[in-house]
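Quick note, the sequences are listed as chains A and B, same order. Residues in the first sequence are numbered consecutively from 1, following the working numbering. Residues in the second sequence are numbered consecutively from 1001, following the working numbering.
Where hints are given, some of them may not hold.
[Stated by the list, open to error] Residues on chain B that point at chain A, a partial pick, calculated with CB under 10 angstroms:
#1 Thr-1076
#2 Asn-1082
#3 Arg-1112
#4 Ile-1123
#5 Thr-1124
#6 Thr-1201
#7 Val-1203
#8 Gln-1205
#9 Tyr-1238
#10 Trp-1244
#11 Val-1246
#12 Glu-1249
FYI, nobody ran anything at the bench for these hints, they're computed from the structure. All values derive from a computational prediction rather than experimental measurement. Beta carbons: idealized from backbone N, C-alpha and C, even for Gly.
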Amino acid sequence: MEKILPLSELPTGQWGRVISLNARGMIRYRLLDLGLVPDTTVQAVRRGPLGDPIVYRIRGALIALRREEAGQVLVTPL
Amino acid sequence: MPQATDLRKMFNIQPDPEAALVALAGNPNTGKSTIFNALTGLRQHTGNWPGKTVLQARGTFIFRGHKYILVDLPGTYSLLANSAEEIVARNFLCFARPDATVVVADATCLERNLNLVLQVMEITSRVIVCVNLMDEARRKNIFIDTECLARELGVPVVATAARSGQGVAELKAGIDDLVRGRIVPTPRRLVYDPEIEDALTRVEQQIPGEIKELFNARWLAMRILDNDRSTLDNIRQYLEPAEWGVLRERFKYCPT
Chain A
1 MEKILPLSEL
11 PTGQWGRVIS
21 LNARGMIRYR
31 LLDLGLVPDT
41 TVQAVRRGPL
51 GDPIVYRIRG
61 ALIALRREEA
71 GQVLVTPL
Chain B
1001 MPQATDLRKM
1011 FNIQPDPEAA
1021 LVALAGNPNT
1031 GKSTIFNALT
1041 GLRQHTGNWP
1051 GKTVLQARGT
1061 FIFRGHKYIL
1071 VDLPGTYSLL
1081 ANSAEEIVAR
1091 NFLCFARPDA
1101 TVVVADATCL
1111 ERNLNLVLQV
1121 MEITSRVIVC
1131 VNLMDEARRK
1141 NIFIDTECLA
1151 RELGVPVVAT
1161 AARSGQGVAE
1171 LKAGIDDLVR
1181 GRIVPTPRRL
1191 VYDPEIEDAL
1201 TRVEQQIPGE
1211 IKELFNARWL
1221 AMRILDNDRS
1231 TLDNIRQYLE
1241 PAEWGVLRER
1251 FKYCPT
């Protein structure tokens, strides 16, 4: 059984693979548009001073997500 | 049925039967403005998109004796979400129906840009992809097989490094070929799961014929299935009241 956790809990420096998105509506579109579709690999690069937002490497670009948004993406650590 | 020229006026585009209308789309930071400047030189006007505080840049250029009006769309990652910029870009592509649309993509992270390319290809088949920043990609040892990309997408692809003017003449030639019908793109169609395709066919059949002529019925069917209220509410201003009435009645749509 693969370990599955929200993207917001992926430790800094670690890579994960997107399993699914829990978000609905506009936020779901937003996340998909940023390239977070199932099977995409993503790395947690660094965290803001209060652990929020978190910077991720997604398909060759660095993108900051709020904890709340990243929490709606489920990943399995690689 | 509103004519295309009337609809174009709604976007501050003065009708000019001599000129072809070309839209410039692309993600932010792809060098879209550099391409715009390289194509139009100093023949530019800026204003706002009607009803929005979003900048509209228009310019003209002449190529092989033909006049082109180029409209710079706001840089967006998508045409589906809801920012003012995305609404402007999407409405222009759907309702002003440009004779050609150039999608500028960043060669250094091409994959991220293909989302918008595919979304534009779902609206119009008159698409040409401009892979820009080729010089920067080369420095990063990224090689782009534009021929393969063109084959996979089914639309023409031109490589440019607009800062140094490289590829700009080829881009103009590509636009001209597209507008004059010397190139007829066959954009790869995204095929969805069978149950979605099934539903799409059924919805598409219910769309009145006059509306099918006005814009892409498959695309509209997708938005209806999506219950994409932003798009549906926006469509209204570009339709005759009777056409809107039929659409609304058939799909039991309650505007927001």
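Going through the hints against the structure:
1. Thr-1076: This hint holds: Thr-1076/B lies near chain A, its Cβ roughly 9 angstroms from the closest one there, short of 10 angstroms.
2. Asn-1082: For Asn-1082/B, the interface hint holds, since the closest Cβ of chain A sits about 6 angstroms away, which is under 10 angstroms.
3. Arg-1112: holds (5 angstroms)
4. Ile-1123: violated (16 angstroms)
5. Thr-1124: violated (19 angstroms)
6. Thr-1201: Thr-1201/B check fails; min Cβ-Cβ to chain A is 24 angstroms, beyond 10 angstroms.
7. Val-1203: violated (20 angstroms)
8. Gln-1205: Violated: closest Cβ of chain A sits about 27 angstroms from Gln-1205/B, beyond 10 angstroms.
9. Tyr-1238: Tyr-1238/B check fails; min Cβ-Cβ to chain A is 22 angstroms, beyond 10 angstroms.
10. Trp-1244: Check failed: Cβ of Trp-1244/B comes no nearer than 24 angstroms to chain A, outside 10 angstroms.
11. Val-1246: violated (28 angstroms)
12. Glu-1249: This interface hint is violated because 26 angstroms lies over the 10 angstroms limit.
Checked against the numbered hints above, the structure breaks hints 4, 5, 6, 7, 8, 9, 10, 11, 12 and satisfies the rest.
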